[in-house]
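Numbering (the numbering used here), first residue to last: 1 to 231.
Derived by calculation from the structure, the hints in this document are not laboratory data. Treat the hints loosely; a few may be bogus.
Label pairs and their in silico Cβ distance ranges [claimed, not checked]:
#1 Gly126 / Pro211: 28 to 34 Å
#2 Thr171 / Thr38: 23 to 29 Å
#3 Arg217 / Ala196: 32 to 38 Å
#4 Gly126 / Arg13: 33 to 39 Å
#5 Ala5 / Pro37: 24 to 30 Å
#6 Val98 / Val220: 27 to 33 Å
#7 Glu107 / Asp22: 25 to 31 Å
#8 Arg13 / Ala65: 37 to 43 Å
#9 Arg103 / Glu178: 45 to 51 Å
#10 Val207 / Thr171: 33 to 39 Å
#11 Thr38 / Val220: 23 to 29 Å
#12 Ala5 / Gly159: 38 to 44 Å
#13 Arg13 / Pro173: 31 to 37 Å
Using N, Cα and C, we set each Cβ at its ideal position, and we do this for glycine too.
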Amino acid sequence: MSAAARLAELRGRHGLAAAQRDRLDVLLELLSAPRAPTAVHEPERAVDVHIADSLSALELEPVRAASCIADLGSGAGLPGLPLAIALPHARVALVESVRRKARLLGEAIDRLGLTNAAVVAARAEGWPAGLGAHDLVVARALAAPEVVLEYGAPLLGLGGWLVAWRAGERTEPDGVAELLGLSLQERRRSRPYALARDLRLDVYRKVAPTPERFPRRPGVARRSPLRAAGA
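Between the sequences and the hints, there should be enough to build the whole structure, so can you do that?
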């Protein structure tokens, strides 16, 4: 199937308007460019592994209903840019600390004509303005599960949701989610395209305040990941 036909299929599956499909066309063009910070540039593959995979979270009602989203370690803008296109009612912060990637994200937002997306050129742990300010945090191919939870939990308001794209069977150590005020709601198997294997969406809800000692200083979560509830 051609990339154009695949985009048309995704538009129908997710109930997207023609203008949204046009923006996805432009996004696919940007992701296919050699300068895009991604390993997959061929349009026929990129439409699946980048766009279809990002949009797979629209199957979740908390994602469709979100009004303030933070995409952690946004990189090439995934899943944040596809979600910003699909959810024009939501404000999407693309959190990216690498300056070159942040600059490219800003250029992509301008090219796409998105008024509901903005770049935050910072680390998730070094963004005090984001604390408690979101009803949805998303992260795709960012870090180990326990690290993603530590990054995301402080940014959520009570009752907010965190959705992490995962491949393989690895999960966070027992007790880590609870320590951060999160409750696992679902590990949903995902097959956004025919060749997808071992993909899932891990869905958490913030059910209690995150302890004040989080977030730890930038870099600590990766160097010394949480291992248990008493950590």
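Comparing the hints with the structure gives:
Checking the proposed 28 to 34 Å range against Gly126 and Pro211 shows it is violated: the Cβ atoms sit about 18 Å from each other. Take Thr171 and Thr38: their Cβ atoms lie about 26 Å apart, and the range 23 to 29 Å holds. A hinted range of 32 to 38 Å for the beta carbons of Arg217 and Ala196 is consistent with their spacing of about 36 Å. For Gly126 and Arg13, the Cβ-Cβ distance of about 37 Å falls inside the hinted range of 33 to 39 Å, so the restraint holds.
Here the CB-CB span from Ala5 to Pro37 is close to 27 Å, well matched to the stated 24 to 30 Å. At roughly 19 Å, the beta-carbon separation of Val98 and Val220 lies outside the given 27 to 33 Å, and the hint is violated. Look at Glu107 against Asp22: about 18 Å separates their beta carbons, and that is not inside 25 to 31 Å. Distance hint check: the CB atoms of Arg13 and Ala65 are about 18 Å apart, inconsistent with the given range 37 to 43 Å.
At roughly 38 Å, the beta carbons of Arg103 and Glu178 sit outside the given window of 45 to 51 Å. In this structure the supplied range 33 to 39 Å is violated for Val207 paired with Thr171, their Cβ-Cβ distance being about 18 Å. The supplied range of 23 to 29 Å is met by Thr38 and Val220, whose beta-carbon atoms lie about 28 Å from each other. Distance hint check: the CB atoms of Ala5 and Gly159 are about 40 Å apart, consistent with the given range 38 to 44 Å.
Separation of Arg13 from Pro173 is about 36 Å and conforms to the stated range, judged on CB atoms against 31 to 37 Å.
In terms of the numbered hints stated before, the structure departs from hints 1, 6, 7, 8, 9 and 10, listed from lowest to highest.
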